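The chain contents come next:
2 protein chains.
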Amino acid sequence: MSNQLLSTKPYKGTRDFYPDDMRLRNWFFGKIRETLETAAFDEYNGPMLESLELYAAKSGEEIATKQTYNFMDRGDRMVAIRPEMTPTVARMVAGKMNDLNFPLRWFSIPNMYRYEATQRGRLREFWQLNVDIFGCNTYEADLEIIVSAIRIMKSFGATKEMFTVRINNRRFFNDVVAAITGKDAEGSRLVSKVIDRKNKVSREAYEKDLRELGLLDEQIAKIDALYEMSVEEATALCPDSIGAGELRDLFAALRELNLDQYCKFDFGIIRGLDYYTGTVFEVFDNAPENNRAMFGGGRYDNLVGLFVKNAKVSGVGYGMGDVTLENFLVTHGLVPEVLGQKTKVLVTRFSDVPYAEYVKLTETLRNAGIAASLHLEAKKFGKQIEYAVKENYSHVVIMGGTELEAGEVKIKDLATREETAVKINELAEFFGA
Amino acid sequence: MSNQLLSTKPYKGTRDFYPDDMRLRNWFFGKIRETLETAAFDEYNGPMLESLELYAAKSGEEIATKQTYNFMDRGDRMVAIRPEMTPTVARMVAGKMNDLNFPLRWFSIPNMYRYEATQRGRLREFWQLNVDIFGCNTYEADLEIIVSAIRIMKSFGATKEMFTVRINNRRFFNDVVAAITGKDAEGSRLVSKVIDRKNKVSREAYEKDLRELGLLDEQIAKIDALYEMSVEEATALCPDSIGAGELRDLFAALRELNLDQYCKFDFGIIRGLDYYTGTVFEVFDNAPENNRAMFGGGRYDNLVGLFVKNAKVSGVGYGMGDVTLENFLVTHGLVPEVLGQKTKVLVTRFSDVPYAEYVKLTETLRNAGIAASLHLEAKKFGKQIEYAVKENYSHVVIMGGTELEAGEVKIKDLATREETAVKINELAEFFGA
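These protein sequences, in sequence, are chains A and Y. Everything in the first sequence is counted per the numbering used here, starting at 1390 for the first residue and increasing by one. Everything in the second sequence is counted per the numbering used here, starting at 1390 for the first residue and increasing by one.
Hint data in this document are derived by calculation from the structure and do not stem from the laboratory. Please read all numbers here as calculations on a predicted model, not as lab measurements. Do not take every clue at face value.
Copies of the same chain look alike in the list, so a pair counts if it fits in one copy or across any two.
[Said to hold, decoys possible] Pairs of lysine to any residue residues, derived as SDA-like cross-links and limited to a Cα-Cα distance of at most 25 Å, are as follows: (1) LYS1653 with ALA1682; (2) LYS1749 with GLU1775; (3) LYS1485 with GLU1432; (4) LYS1398 with ASN1699; (5) LYS1549 with GLU1426; (6) LYS1589 with THR1666; (7) LYS1768 with GLU1645; (8) LYS1455 with ASP1465; (9) LYS1733 with GLU1807; (10) LYS1401 with ARG1503; (11) LYS1485 with LEU1413; (12) LYS1779 with GLY1710; (13) LYS1731 with GLU1797; (14) LYS1779 with GLU1423; (15) LYS1731 with TRP1416; (16) LYS1731 with ASP1488; (17) LYS1768 with GLY1634; (18) LYS1611 with ARG1412.
So here's chain A without its partners, still in its complex pose:
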């Protein structure tokens, strides 16, 4: 062992959660749990380590190869620290296919690791809410998923001015591209790839690529027009498309629920070409300085195909990272000033009273459900008050020898500085417990 002092910094791209940080995270994940449990979603979790082949087979190439922490264990197994939750939940669903009662309404808040360059909103360790419905492949499940996302945002006090759910449908996308271009499935797929890259290349390069695939200016203009269309206008372009029907049903239900004010059809939402198969959506932060997708998701098929032969389970869901959500809540002033216990009482200590009396008093408060602690050392009163203020106690209890004999204590409210004499057997009442 060397005498060199060790660094106190956390590992690159990870965070220490001191009590203030933890209270914030517990607060927002607590609200999310409450919202989802009220919508009858069930929480699950899985291991942090999985066999690497799970990701090599399932995830996008980049996640499996470049972004995964993986290593060989002492039994020569290649393992990975999970970079996402879907492969784990797919494995779990496949493992109990015959016992589970579909559709499943599941959520999880796992921590996960990705090996990436750290930047605002992107860390190597993060927590990610995953919400999914498995085993129902109609728009009703898509609606429940989108409603749950809106309920979560609203539970934090977010208004329609602060966020927008932008919705598209991958079946509609394919059908409308085919309708405009007149191409077959393979031809449409090539056009879709160009459209998917639209924001990553110049307008010139985009048009050139489309023209190389044989598109006319008129067809390119029709595709352009889709980005400005309402859901009614867009779906009218290929009214018989199953995807168009799903979009119409979804938006009609959102209107009935008065939730359409939070939603917008957006032909630009694609979310990669190889994974999603139906409804896709992204929740945007509307703040001008941070206007971008915070999280998103959609419908995908064949969840369990890698594990069970000839079995099909489809899913619809989304993933939301803790860093993104925290940025949103802070930016829009949605974090309450006081998190955690509002009433928290410190019993102060004087040398003329046996210590055990203070412990008893503290236990009396706790037994009444009041968050309470006591000053462990017999320091000067001023020091004890200073400790209470720094640790966000709301009240201190003062009990010297005289008070103890009279069976009462003084309670000092640290916000108002008011002192009140209270009988010991009326303490619970005083704090409204």
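Given the structure of chain A, go ahead and fit chain Y onto it with the hints provided.
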């Protein structure tokens, strides 16, 4: 990608938490959080990955070398998946030494990994409650820590028949060994090492080792007698020992609090020789078939010495694994029959009512704080009831075209099978929300 199907088993020594498993874990960790927050402890957390040197320097040899999952990252850093929490919290405390308000009352419930042979109660991935007070080195902090452990056990309905907190003190241990043997510090240390190994060797080998260190039969008998002594008898053997004073103060306070019924002085509690420096304790399961230490802890010094020169912070605390606690709760029948939402309502669906009406009704229930969901597919009524029963819904709501027109629904209690007609605007009232 091969066509071989992937295994659905989790990685060796880890567990999948399906909703029923997760409800159980959320229930017991939820109760622990509530108990500790009522005792004004603050939750913290840290990263899953740490630099390996943190463990090489701090933990016992076995944990650092044989039991740690470690590997080199792509930046040539040796990292480890945390096998325990103390090195992380030591780093965190050291990192903010001057900003933190001591004493700290901190707890955490991290997941961690140890590479070990799996057996009952020992898995490779586990969750461990860590509770500590940092920066107060007198018995008052030891008492708070032991009281918190008893409060946790009592919060689950555990009685004194089910568990015992066995307490010793390492300073007293050293002093009483010196008093009986008449040896100096180094001589006593060698005797202590033999006593520490007592349960791992035969009686003959134990006596032989002590005799080789020069102990007389009479001295060996005196040490034997300590295991049967009360705290008063034992501390009377070296009344001036600081450790003896700590033990007396601790037990006197436990008596005042009427918590001595859960506690017992036990000279056999040592907890390894190199780490603990004062009070040590272990909480035993009293069940005859499972009579053993479930968890324990104690006082240790110099938490931050590896990070900050010439700084001393002492701590006292304990760690409790989720598997051990779950075994205890199940063995003693302390897990309630219903975990999670007691009222959970499924809105059933008929083809003569527009789907959006069902979604609206479901949202009305949720907005009143009632856990509710709706059947996503228009299946036969019997199938919908079957789904509700399997998913532990307490009630189903029945609304056909006739009911909708009358502005009322039927509510079927799935336990009693009773049906009640309720006006839609009186639903919240009906469920007592």
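Here's how the hints hold up against the structure:
Taking identical chains as interchangeable, the C-alpha atoms of LYS1653 and ALA1682 lie at most 25 Å apart only when both belong to the same chain, with a minimum of 13 Å there against 59 Å between chains. Taking the shortest Cα distances, LYS1749 and GLU1775 sit within 25 Å of each other inside one copy (23 Å), while across copies they are farther apart (52 Å). For a Cα distance limit of 25 Å, the shortest separation of LYS1485 from GLU1432 inside one copy, 16 Å, qualifies, whereas the shortest one across copies, 35 Å, does not. When the C-alpha separation of LYS1398 and ASN1699 is checked against a cutoff of 25 Å, the pair qualifies only between copies, where the shortest distance is 19 Å, while the shortest distance within a copy is 50 Å.
For a Cα distance limit of 25 Å, the shortest separation of LYS1549 from GLU1426 inside one copy, 23 Å, qualifies, whereas the shortest one across copies, 35 Å, does not. In this homomeric assembly, LYS1589 and THR1666 come within 25 Å of each other (Cα to Cα) only inside a single copy, at 22 Å, whereas the closest approach across copies is 62 Å. Taking identical chains as interchangeable, the C-alpha atoms of LYS1768 and GLU1645 lie at most 25 Å apart only when they sit on different chains, with a minimum of 23 Å there against 64 Å within one chain. Taking CA atoms no more than 25 Å apart as the test, LYS1455 paired with ASP1465 passes in both settings, with 21 Å inside one copy and 15 Å between copies.
In this homomeric assembly, LYS1733 and GLU1807 come within 25 Å of each other (Cα to Cα) only inside a single copy, at 16 Å, whereas the closest approach across copies is 45 Å. When the C-alpha separation of LYS1401 and ARG1503 is checked against a cutoff of 25 Å, the pair qualifies both within a copy, at 12 Å, and between copies, at 22 Å. Taking the shortest Cα distances, LYS1485 and LEU1413 sit within 25 Å of each other only across copies (19 Å), while inside one copy they are farther apart (36 Å). Taking identical chains as interchangeable, the C-alpha atoms of LYS1779 and GLY1710 are never at most 25 Å apart, the minima being 31 Å within one chain and 32 Å between chains.
Taking identical chains as interchangeable, the C-alpha atoms of LYS1731 and GLU1797 lie at most 25 Å apart only when both belong to the same chain, with a minimum of 23 Å there against 41 Å between chains. Taking the closest pair of Cα atoms, LYS1779 and GLU1423 come within 25 Å of each other only across two copies (22 Å); inside a single copy the shortest separation is 30 Å, beyond that limit. In the homo-oligomer, the alpha carbons of LYS1731 and TRP1416 lie at most 25 Å apart both inside one protomer (13 Å) and across protomers (23 Å), since each shortest distance falls under that limit. Proximity of LYS1731 and ASP1488 under a CA criterion of 25 Å is satisfied inter-copy only: 23 Å between copies versus 44 Å inside one chain copy.
In the homo-oligomer, the alpha carbons of LYS1768 and GLY1634 lie at most 25 Å apart only across protomers (21 Å), although the nearest pairing inside one protomer, at 73 Å, exceeds that limit. For a Cα distance limit of 25 Å, the shortest separation of LYS1611 from ARG1412 qualifies neither inside one copy, at 51 Å, nor across copies, at 52 Å.
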